[in-house]
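Chains as they are written, first to last, in the numbering used here: chain A, 1 to 293; chain B, 1 to 313.
Treat the hints loosely; a few may be bogus.
What the hints assert, rightly or not - EDC-like, lysine to aspartate or glutamate: derived pairs with alpha carbons at most 20 Å apart: (1) Lys117(B) <-> Asp202(B); (2) Lys282(A) <-> Asp115(B); (3) Lys149(A) <-> Glu276(B); (4) Lys210(B) <-> Asp115(B); (5) Lys117(B) <-> Asp281(A); (6) Lys282(A) <-> Glu182(A); (7) Lys87(B) <-> Glu276(B); (8) Lys149(A) <-> Asp66(B); (9) Lys117(B) <-> Glu207(B).
Keep in mind the hints are simulated off the structure, nothing from the lab.
For reference, the chains in residue letters:
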Amino acid sequence: MTATAVQARPSTTQSADPTPRRPKGRGLGLVAWLAGIVFFLPIAWMALTSFHSEEDAATNPPSFAAPLTLDGYREFFGTGGGASPWPSLINSTVASLASTLLVLILALPAAYALSIRPVKKWTDVLFFFLSTKMLPVVAGLLPIYLFAKNTGMLDNIWLLVILYTSMNLPIAVWMMQSFLSEVPVAIIEAAQIDGAKLPTILTRVVAPIALPGIAATSLICFIFSWNELLFARVLTGVVAETAPVFLTGFITSQGLFLAKVCAASLVVSLPVLAAGFAAQDKLVQGLSLGAVK
Amino acid sequence: MTATTTAPVAAPPVHTQKKQPSGRMRAWATRAPLLPALIFMIAVTQLPFVATLVISFFDWNSLYPDARSFTGFGNYTEVLTDAALRKSVWVTILLTVGVVLTSLVLGLGLALLLDRKFRGRGLVRTLLIAPFLVVPVAAALLWKHVLYNPEYGLLNGLLHYVGGPQPDWISNTPLLAIEASLVWQWTPFMMLILLAGLQSRDHQQIEAAKVDGASNWQVFRYLTLPHLRRYLELGALLGSIYIVQNFDAVFTITSGGLGTANLPYTVYQTFYQAHENGLASAAGVLVVIGSIIIATFALRVVSSLFREEVSRA
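My request is simple: use the sequences and hints to build the entire structure.
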């Protein structure tokens, strides 16, 4: 944004609204509330259904006041028979955390080179990263599948880690490039004069200042990895199955599993919901590749 | 992205790289931190694509590996004359344009509502963001089973109270059913970006316009909308990148049936279920060509946003 916008911000956030104390505002506030409730209703209904018995879940008209039970969750976690989701939840956690870590290791120095010590044609490099994001996943899926099959890497969680890293690296480089641009160059030059090498500068000088941005980047990489289905569906099977692949088991689920479907969907979404709510503002900035603040 | 930060970025390369005595060494030292990420990206994304390109010229069904033969552009003519594939191109366009435009318009409306001050604004914002934070497969399952189900879904359950009809949503309007679920997921994303845009407006300018007698509509039309243009472009661009590639909703809600197979789903099916490696690759390459056309346009939009920021420095 412009310098004026940045300077104007403190005053706008404190005196808040440009048009306060308007009688019309109350009506529009109600409309906003209504919209919020309509958008949230499916999730609220999913949560309520997950605590109903399967009989009460599958009624028309819907049963709002039916007794609550944990049966749906018991069924989902396999204590009522059926496959346990734990291996898939653990796989998703490992794949998402490991690829996020790998993204940070690769993106931080790259973003540093692009923002603080710019290389020649730096915008070209930035655009190359972004353009890989526009290469559809299906364009490389088959060779990756054949490669994995021939090298025995099929159904291996580490293959997913590599692919998720490549999926998130462009976004991470872009985001961090914008976050690192906020680190004053003078501080880095001072550290260089004191004889600090790149790893020291990155960990001691840059990281502490850019930490909120780095945290937001990690969060978004984690969410995208956690959500990913196509790679996981094609490249994993029994051993390395992830949580979204586990959920696809419910695609043809009929009638009496509604509470279980709801419990499953909610449990798998929970890490993303929690992380997203916790970092709403940084999420926006990150998702728009740092272009919006 | 502030003026202070972009200025040093744009300036240094000119003199640091020319005048230093050990210029070449320094240039490499500057580039070195970039290399791991660059090499990784080229290896993991570009090499497989080259392989896809090569495979696309072969007649190769993985169930008959011995019958593999070079067929030139045979796969491409087959793909281009295939009615199902041409249909999936059309479905992809309908899905992307429909979802991006609808969620942009709804997102703009919601952002304008949330830009005003009212009681519980923070909570409403949180409620509105939630759909974007549900895992896509879970969201698709929610719509398929919990909302759309003709016998016990919530939609027909609510219609029951007003004595409305009880349609079978997915069978009657399969593509609209998928689009509605995606609009529900992506509207919050558009709202978030546009809300950030609204909050970066110059409020003094708006006050001045109002003092000069501009109506609310005039302020929106001549001040807010032009200011939001780049945010609308950014939302459309990022939304398109993800929705063109949508697999989860199509796979979950209809499994590509009822004429809803989009290109990613068709390519997936061609090699994963029909084992036609050559055909799938040709289709994949065509998807890429289509994407390149969109991407050139999209990158131009982004780089204009980008240049605007640098030039403001």
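Is the straight-line distance between the alpha-carbon of Lys149(A) and that of Glu276(B) 20 Å or less? Since the Cα atoms of Lys149(A) and Glu276(B) sit roughly 16 Å apart, the hinted pair holds (cutoff 20 Å).
Hinted pair, alpha-carbon criterion (20 Å max): Lys117(B), Asp202(B). Please report holds or violated. Distance of about 17 Å is within 20 Å: holds.
Check the hint pairing Lys210(B) with Asp115(B) against an upper bound of 20 Å on the C-alpha distance. 17 Å, holds
Given the hint that Lys149(A) pairs with Asp66(B), does the C-alpha gap stay at or below 20 Å? Judged against 20 Å, a Cα distance of about 17 Å means the pair holds.
Hint consistency between Lys117(B) and Asp281(A) [alpha-carbon to alpha-carbon, up to 20 Å]: 18 Å, holds
Going straight from one Cα to the other, do Lys117(B) and Glu207(B) come out at no more than 20 Å? 16 Å, holds
If you draw a straight line from the CA of Lys87(B) to the CA of Glu276(B), is it 20 Å or shorter? Status holds; Cα separation ~19 Å.
Within 20 Å, alpha carbon to alpha carbon, are Lys282(A) and Asp115(B)? 18 Å, holds
Distance restraint between Lys282(A) and Glu182(A), which requires alpha-carbon spacing of 20 Å or less: Distance of about 15 Å is within 20 Å: holds.
The structure fails none of the hints (numbered hints given earlier).
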